[in-house]
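**Q** These protein sequences, in sequence, are chains V and R.
If you're matching positions, the first sequence starts at 1 in my numbering and goes up one per residue.
If you're matching positions, the second sequence starts at 467 in my numbering and goes up one per residue.
It is possible that some hints are incorrect.
What the hints assert, rightly or not - If you want the ones that stay clear, here's a sample from chain V, every Cβ over 10 angstroms from chain R, calculated:
1. A145
2. D269
3. G442
Said to hold, decoys possible - Selected chain V positions facing chain R (in silico; Cβ < 10 angstroms):
4. N87
5. P171
6. S226
7. Y234
8. H413
9. Y416
10. I432
11. K440
12. E443
I should point out that these hints are in silico values taken from the structure, not numbers from a laboratory.
This one's a predicted model, so the numbers in the text were calculated from it and none came from an experiment.
Heads up, the beta-carbon is just placed ideally off N, CA and C, and yes, glycines get one too.
Single-letter residue listing:
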Amino acid sequence: MNILRFAVITAFFAVLPFSHISASAASDQEIEALKKEIQDMRSEYENRILKMEEKLAGMESEASQAETTYSKSKDRAYPSRAIYNRNLNPSIGVILGGRFAAFSSDEDEIPGFPLGHEGERGAEGISLGETELNFSTSVDDKFYAHITTALVDGEDGVEVEVEEAYVETLPGFGLPTGATIRMGRAFWTMGYLNEHHSHSDDFADRPLPYRVFLNKAFNDTGAQISYVLPTEFYIEAGGGIFRGDDLPFAGAEGSDINSFSAFLRVGGDIGRNSAWRIGGYLLDGEASGRGGGGEHGDEENGESEEEMEEGFEELFTAGMFTGDTRLYTLDLRYVWAPTGNARDKELLLQGEYFWRDEEGVYTLVEGDEVREERLDGGSQGWYAQGVFKFSPKWRIGARYSQIYSPEDSGIEHDPYAVAVMGDWSNSEFSRIRLQYNHEKVGEDLTDNQILLQYIMGIGAHAAHKF
Amino acid sequence: MKRLLTFLSILLPGLLFVAPAFSFAKVKVFACEPEWAALAQEIGGEKVEVFAATSAMQDPHYIRARPSLISRARKADLLLCSGASLEIGWLPILLQKASSDLQPGSIGYLMAADVVTMLEVPVVVDRSMGDVHPEGNPHVHLNPYNLMTVGKVLADRLSGIDAENASLYKDRYGDFSSRFRAAISRWESEAAVLKGKPVVVHHKSFAYLIDWLGMKRVGTLEPKPGIPPTTSHLKNLLQKLRSGPADVIIRAHSDPDDSSEWLSEKTGTRAVVLPYTVGGDEQSGDLFALFDRIIGLLRETNGVQQ
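Taking the hints into account, I'd like the entire structure generated from these sequences.
**A** Pasting the structure below:
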């Protein structure tokens, strides 16, 4: 710009001396005409220069604004090339959790239902919950990847669990619109809670049927396809194939695909205020040697190695099941908010029903006696809960869960649990919850529990799932 | 193997459901907010079928990825949203099941924040600052010039998706922009009295309006964006307003009324509920009516006779 401005000025002054020379030989009239012409030229150029100067000033101020915005990066003592690679990092989210728990009963077994480790009620006292690390991003134009690892304060120090590690097809993959395939390990589509990470639950613990039937959640290794139909109404159908190693299955060997799932769910809105979804799910597979009692021995009692091994054996064999398992699940969720504005008030109602049908052999160890029992029958369970957000930060909720002992188990009592909770969320990223549980899991087994927990999320914004 | 066969026998009939790609009669526009639905209707007219995912009574951030929204987005040909992370909680879930033409960078993915000049772009972002958007304030539609900018891009996109009617979209945009431009100059002259007037807002959702009309924001009821008003913050604000009073306290219909009414009572400053978007109240039926109403209400609080 400066060069142009200089050129214009030079040209203008270059014209001046010439006009002066020619003027001496010309008549007054011609001089007047020339003078006028020069005047015109001058004013024209002046105008142009003025405009250019204005333009220049505008550009300069823009440039200086840009400079102040970026000055932070330019002010480095040793200027280096920006690391653009950083922009391609996956989005990262970390969930921190901790809790205090007090239980009135020392017994954490549920008679008739051997529990997996995850299905137990958890540690008493102050404990660090799961610290969850989430990474996710598109791999390329066709795939998306997600990893969730959990750091858990276990009995042998910190344990790392791969909760989820899956790749999923992106719409660019070329499947029909609405269809996706997910491969790896994930919280598969199976009822309402199973798909969700426990930190997004409305209660501090999972309801009884989740604890006994799914060991908190089904996250086997496998693949699943799901398809949202092009209908007016929301209809999603899908199914998966799995290795068959996670509860309710166990002991997968060889190349067989030991379990599969299928599901169908529909949903919609009712006016502006409410929405609903109903789903039916089937999970079918084989269990060979599904153990109860968990994978962890009792080391705290200072047992000798032999004793510990015996202990292990007992834990593994008590209530070990080999056979076919089929789990049918129905879920229903209903969400209401005045004018659909969930920011200030919201009511969440949710329920799930489970029916487990098993055919096989239960190996039971009672003292020195090893007993085998044929099992052909079902057990059921359900829960229903309601959560009400009555102000932007406060919510209260209640839950009732019940499981029915297997028909031929000889156990009369059907375990049930009642939970009430209140929680406070300062923002979408922090929540503190107080919960009271009353569990009656056996004839003489009553457990009153107080749970106080915090859940905080940093990094990537969590999804507002339905 | 038997299991696998059972599985396939269930799955395969399902896959046959895959619908053939019909050539569409109308372009299906999925608008995240009502203002964009109204704009799409202005530009597309009869040739588009517009769905508004949220209403004026809802805070567009706090929306769940409801089944109905997933199903609507799955069938959409064009997505028109505010962008700048306003819909970050639910839009990514919808996009998973939407067509590849609706993905970021595709013709059917149009975020207003990507095409207009953003206000309040933070240099440093941190969650302790509240719900700040790294891309800037996402409530861009309350500056009518932004609507024209988005409208022009929208007309281009519609022409690309539905080439047969390309000239119709161009004409409709031309017609809309000339009518809207005339309206803007009318609104600007009507709002000249409001220039420089101090205002208090509930949330920063009216930033573009305040910027356009040259008003001055002297306080927000929320201590930080997205954090509900606290007693201590309101008391501080009250102190501040006692020394330098504001002209009006503005909130949207989706904002709770208690804090602004309390402050209004304490200071004697009028609290006014402005329609934040189309359908915000009975009088704000379309984009023209929306600004008519907003300017009318603001003039009224300033004692200007209609």
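**Q** Next step is simple, just say for each hint if it's right about the structure.
**A** Taking the hints in turn, this is what the structure says about them:
1. A145: Fine: 13 angstroms to the nearest Cβ keeps A145(V) off the interface.
2. D269: 4 angstroms, violated
3. G442: 35 angstroms, holds
4. N87: 13 angstroms, violated
5. P171: 4 angstroms, holds
6. S226: 8 angstroms, holds
7. Y234: OK, holds: Y234(V) within 10 angstroms of chain R, min 4 angstroms.
8. H413: At about 35 angstroms, which exceeds the 10 angstroms cut-off, the nearest Cβ of chain R leaves the hint on H413(V) violated.
9. Y416: 30 angstroms, violated
10. I432: This interface hint is violated because 16 angstroms lies over the 10 angstroms limit.
11. K440: 34 angstroms, violated
12. E443: It is violated, given that the least Cβ distance between E443(V) and chain R is near 39 angstroms, above 10 angstroms.
The structure does not agree with the numbered hints 2, 4, 8, 9, 10, 11 and 12 stated previously, though it agrees with the rest.
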